[in-house]
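Visitor: Okay, here's what each chain looks like letter by letter:
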Amino acid sequence: MILFVTDFGNDGPYIAQMKAAVRRNGYRGDILNLFSDIPTYNIRSASVLLNAYAHDFPEGCVFVSVVDPGVGSNRLPLAILADGRWYVGPDNGLFELVLRRATHVEAFKISWQPARLSASFHGRDVFAPIAARIARGQGASLLTPMSIHDVHRVDWPDDLSEIVYVDHFGNAMTGIENAPGLSGVKIGGETLPLVRTFSDVEEGAPLAYINANGILEISVNQGRADTYFGIEVGDAVTPIWD
Amino acid sequence: MILFVTDFGNDGPYIAQMKAAVRRNGYRGDILNLFSDIPTYNIRSASVLLNAYAHDFPEGCVFVSVVDPGVGSNRLPLAILADGRWYVGPDNGLFELVLRRATHVEAFKISWQPARLSASFHGRDVFAPIAARIARGQGASLLTPMSIHDVHRVDWPDDLSEIVYVDHFGNAMTGIENAPGLSGVKIGGETLPLVRTFSDVEEGAPLAYINANGILEISVNQGRADTYFGIEVGDAVTPIWD
Amino acid sequence: MILFVTDFGNDGPYIAQMKAAVRRNGYRGDILNLFSDIPTYNIRSASVLLNAYAHDFPEGCVFVSVVDPGVGSNRLPLAILADGRWYVGPDNGLFELVLRRATHVEAFKISWQPARLSASFHGRDVFAPIAARIARGQGASLLTPMSIHDVHRVDWPDDLSEIVYVDHFGNAMTGIENAPGLSGVKIGGETLPLVRTFSDVEEGAPLAYINANGILEISVNQGRADTYFGIEVGDAVTPIWD
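Protein chains in written order, with the working numbering: chain A, 1 to 242; chain B, 1 to 242; chain C, 1 to 242.
Watch out, some of these pointers could steer you wrong.
To be verified - Per the computed footprint, the stretches of chain B lying under chain C, defined by three or more beta-carbons under 8 Å from a beta-carbon of chain C, are:
| hint | segment |
| --- | --- |
| 1 | 20 to 33 |
| 2 | 46 to 60 |
| 3 | 196 to 202 |
| 4 | 207 to 217 |
What the hints assert, rightly or not - To list a few chain A residues with every Cβ distance to chain B over 10 Å, as calculated:
| hint | residue |
| --- | --- |
| 5 | ALA102 |
| 6 | HIS152 |
| 7 | PRO193 |
Everything labelled a hint here was simulated from the structure, so no lab data went into it.
Backbone N, C-alpha and C define an ideal beta-carbon position, used for all residues, glycine too.
Just chain A, with the same shape it has in the complex (with noise of 0.2 Å):
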């Protein structure tokens, strides 16, 4: 399996130009959109949520990660593979996350070149075409091992206490993973214990709880905690711990 994490929007060409290079590359399982809609630019909730979400998959799953504001410049094409699954994308802090909390971890260098190399475009010129090749395992020839102290290495706090993406409710998810001691959280004046799940609150009160995949999310029960507290991805939140 094959899954595209970026921000390319869900609208427009994009997914489906890299969707046909992954098939023009012999892969022919299948592809999902985990998210098209990482905020824009933004290389810091790619990677709280490309790890958060990527434990959700098996071994063996390809995770194509293009958030990619240098595109054309000189950073390198990467392939990581961690604890079994692999990670194609540019080499800009994308794989933070994964690189901290993986107990197993390899690096490599993309050293295949495509015979056509767009200046714009290096998720369908690049990465997609790599992807399928390593699914069909076929990866090895293409990649050059790399020292782990090569990758580019960003120094963020362990947990990101900020907003990293308000969903389609208006939930908003934090960069703070559910850990022993987690009791609740402090967000535009209120406090915020942390409860199970929405109905354990009344209809239209705000609630903090662990999402479905481990962190720290904010809501309102049946409406949007985005408008009901003004919050935007980049927010502060104050984790409380006991």
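For chain A, the structure is supplied; the task is to place chains B and C on it using the hints.
Guide: Then chains B and C, alone, in the frame of chain A:
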């Protein structure tokens, strides 16, 4: 064929997570997003649209229907077999119109419990896996027959004289089904006689017609009915009968 | 491979209904949404984008192209074979750019009539079924050759000096194709020389470049060209030739 009818949005990870859950449970056929944008938390709209659009699909199809404001509370997980099509989802009124219109109906409680059950994403954890197994013809042991009288019912009028959905073009679908004697609709001070299609009125003029799935729809030829009439989901309309 | 190019939107049931129609007509291969968000009713944009993006795909692909403000009126249903790729859709000018640019073209009237023909959704009832049959190599008996001179033609200029599409990032595509002597563009009082890619200008600065599909595009490095210039689809730009 498995079809998703949800209010999850096309953006975000939820649809991909449900598709992956279907695959993990062994179903290899097509998975289509029939609606990912049911008006949020709107069980009434979902019920009308599910019934009107399911008829486009052959017997044996499985509709994963998740509009579930009460997720995590104690409402039952349900499977309905109606005129040869399967519907799985929460027992909250979603299947009201299907139950009223079908000629042969059987109801089942989903007695299977997943190894991992989140408090907020039963689409991924319960309904997609069950749909996969039903589609593979292996649902029987996971379902317990129940009386159709124990399904949660809702006392909506038989034709819902209101806007249930506004599409990408601004066309406003109603809960009114095509029937002998229906000759038009009153909306926003205007009376619109039923016409056959868009090009039967001038460019920019409003029209009422029976859409390609048999429900009364209000449109503007090459314009937007939602902005023309200032209408939105839930607004009342008045059908005109001969 | 079958590709949809429509103004139907990613939301709503229409794309899934067309995919199901393809399956009902026996085609089992990939179906991709190349564009679901062609500017609504905009045949001109559709014609430019269809031509520019079809070249990314191999011979034998079938493009179901439905931007169809006159649906239900008496315009012909058409199939075009151009340089080995098939295009099906209404005869309303959609194929103008494909017809001008291709070196080998054949035109066909779709003579097949479905058992059920709605007045408003020929994408589902005519074009998707025909595409499925063409993709299976079984289109011949359903198509009647017609003179290329009988296809509806439009007298647009050869390069459309206007915005035809704005993508998820706010990049504005034009109808101007890459050509020797093209050196830049004037827009909103600014003159933008042609550069290679985003990172060739400062963050926040505008640029003009040839996009990954060979058309002139106006962008802002890590910003939005649509808001920077206050531009939208249909607005004029002025190409600069050496």
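Visitor: Look at each hint and say if it fits the structure.
Guide: Hint check results:
Against chain C, the segment 20 to 33 of chain B contributes 3 residues with a C-beta closer than 8 Å to a partner C-beta. That satisfies the three-residue criterion, and the hint holds. Evaluation of the coverage hint for the segment 46 to 60 of chain B: fulfilled, as 5 residues show C-beta separations to chain C shorter than 8 Å, against a requirement of three. Given a C-beta distance limit of less than 8 Å, the hint that chain C covers the segment 196 to 202 of chain B holds, as 5 residues qualify and 3 suffice. Residues of the segment 207 to 217 of chain B with a Cβ under 8 Å from some Cβ of chain C number 4, which satisfies the need for three, so the listed coverage holds.
At the 10 Å boundary, the C-beta of A:ALA102 stays outside the reach of chain B, the nearest C-beta of that chain being 20 Å off. No Cβ of chain B approaches the Cβ of A:HIS152 within 10 Å, the least distance being about 25 Å, so the stated non-interface status holds. With 10 Å as the threshold on Cβ separation, the claim that A:PRO193 sits away from chain B holds: the shortest Cβ distance comes to roughly 15 Å.
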